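Chains as they are written, first to last, in my numbering: chain A, 328 to 659; chain B, 35 to 281.
These aren't lab readings, by the way, just hints derived from the structure by calculation.
Any given hint could be a false lead.
Stated by the list, open to error - Cut-off 30 Å, straight-line C-alpha distance, at most; resulting in silico cross-link-like pairs (DSBU-like, lysine-lysine):
1. B:100 x B:230
2. B:220 x B:270
3. B:230 x A:652
4. B:127 x A:333
5. B:127 x A:642
Source: prediction; values computed, not measured.
Residues per chain are reported as follows:
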Amino acid sequence: MSGFAKPLKIALGLIVIVGLIVIPMNFNRYGLFILSQWAVMSIAAMGLNLTLGYAGQVSLAQGAFVGIGAYAAAIMTTHGWPLPAAILVAIALSFAVGWVLGYPALRVQHHYLAFVTLAFSTLAFLVFRNESWLTGGIYGISNIPRPHVFGFATNKPLPFYYVCLGSLAIVSLAVWWLIRSPWGRAFMALRENPLRAQSLGIDTRRYTLMAFAIGSALGGVAGALYAPLTQYIDPVPFNLSLSLDLLMMVIVGGAGFYFGPFLGAMIAVLLPEWLRFTEGYYLMLYAIAVMLLLIWSPTGILGILDRYLAERRTKAASALRAVAKSRLETAQ
Amino acid sequence: MSAVLEVSDIKKSFGGIHAVNGVSFDVREGEILGLIGPNGCGKSTLFNCILGQLTPSGGEVKLDGKLVTGLRPSELNKLGVSRTFQLLQVFPKLSVRENLILAGQEHQGNMASRLVGRSDAGLTDAANQMIGFFKLDHLADEPAGGLSYGQQKLLDAAMAFMGGPRLVLLDEPAGGVNPSMLADLKDRLVAINREKNATFVVIEHNMEFVMSLCSRVMVMAEGRVLAMGRPDEVRKNPAVIEAYLGH
């Protein structure tokens, strides 16, 4: 996203943030639900973007981590625990499970790794469905309470939307910090060239596990917000198709781009609403749109922007070089 | 002079092929040891065994007298052993400076400070110094992938020196580099060798480069050491002429 002037970027960011706070004030219940869902899915997709986009580790299990977070939050808050405590447990649990799921990635890569994570995703779904003493089985868990924040009840859609938006803001800042730290560079090195990374002292094993664990933990955060958002959970939303949806959000938005997940989640959550008038054709249109996009730009929507900016930079640089050269020639 | 690296009886087989078949040698502190031999004689495999990229089928590697066989490449790198690769291994999308910062970052602080701290200031200085040293100033902010082959080779070497290594294994640093840039590279290697007291092992096919740079030369053929000695001795060795140099 470099190439824009810095003040312009800051102004644009402020407009978006103010817009996200002010505009939804007039939204109805359903509009706020959709927007809250966007915020929650953005968090989950950001986690997957760390694992897949930055560190290059394919995972088809992000939906399972959303499920782990959601069940942790649902079980704890229906037993009287406050949501922040539940979120911390969701983070710890999905971080730990994600760490363990990272071990196969030390041995297998690419589509083999995809299959390992796919198997895990199925396993998690079966646990949600079959261990009914804990999860309520197919009947799920209902009456999940929404939290009080600084004494304010967030039962109504608007306050809870702000809870989701605030969480998204915190996660966004944390991820921004992470990817600009040496860890972010190490993740990228892991993706681009693990062999060279190792020879530069980068402990690829530890960073791979960390990429999985942190990405999964963000899935857990998203789940812990999803449960109070819907106030009712059952195993179905956390099956493999959620993992595939999240994968698509990351790829369509632009894997390895910071803003990719926001955009990808927006398309995945909002586009079905916008295409609602097409009724039965919505999924077909959606599928065709995704296919066309990926044929045109395999690096997603932000990939298009990135290519355009890179081209402009190259042109500017060669123009500068031409000027410098002609000056040299006149000087001689 | 004491030995920095002691390699004893390293073996590596792939199926029935003995790529390295019992190689032993010492690398003395501060020297530049050349490693030559025909293609497929096991030079790069030997490097990979020493550096932990491959697990040897047998034998030992000692660094400063301590056994390091079986350590991972990243662990060896933290002990001060660095390398370059035969094929280009820079990060093409990162700028020259970012490549060097990446190459140095794991040598500062620990995992926690690399996440929480902002330790880039010192790293950027070190990267800028390295850029100046290798005369890459005008390219510092260019993506590494846009550099010429020879410039990328220089960057690759510069990256290997970022952590201040004691021992650097260079795999064909001169391959594909034009003569004027090669002179530059040699000049830089000699400077680092003298000033930083870094020890080198250099695989190279460019005889002129090897013979003028190295204090000793080891010749390998068919997975074994054929000869070891001063460049002029090796050049006259009949077995070496037969196996590699030609008449």
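When you check the alpha-carbon spacing of residue 100 of chain B and residue 230 of chain B, does it fall within 30 Å? holds, 22 Å
Taking 30 Å as the top limit, are the C-alpha atoms of residue 127 of chain B and residue 333 of chain A close enough? holds, 22 Å
Checking one constraint from the list: CA of residue 220 of chain B to CA of residue 270 of chain B, max 30 Å. Satisfied? Holds, at about 24 Å.
Straight-line alpha-carbon gap residue 230 of chain B to residue 652 of chain A, limit 30 Å: Violated: residue 230 of chain B and residue 652 of chain A sit about 38 Å apart, past 30 Å.
Pairwise hint evaluation, residue 642 of chain A against residue 127 of chain B, where the allowed Cα distance is 30 Å at most: At roughly 17 Å apart (the allowed maximum being 30 Å), residue 642 of chain A and residue 127 of chain B satisfy the hint.
In the structure shown, a violation is registered for the earlier hint numbered 3 alone.
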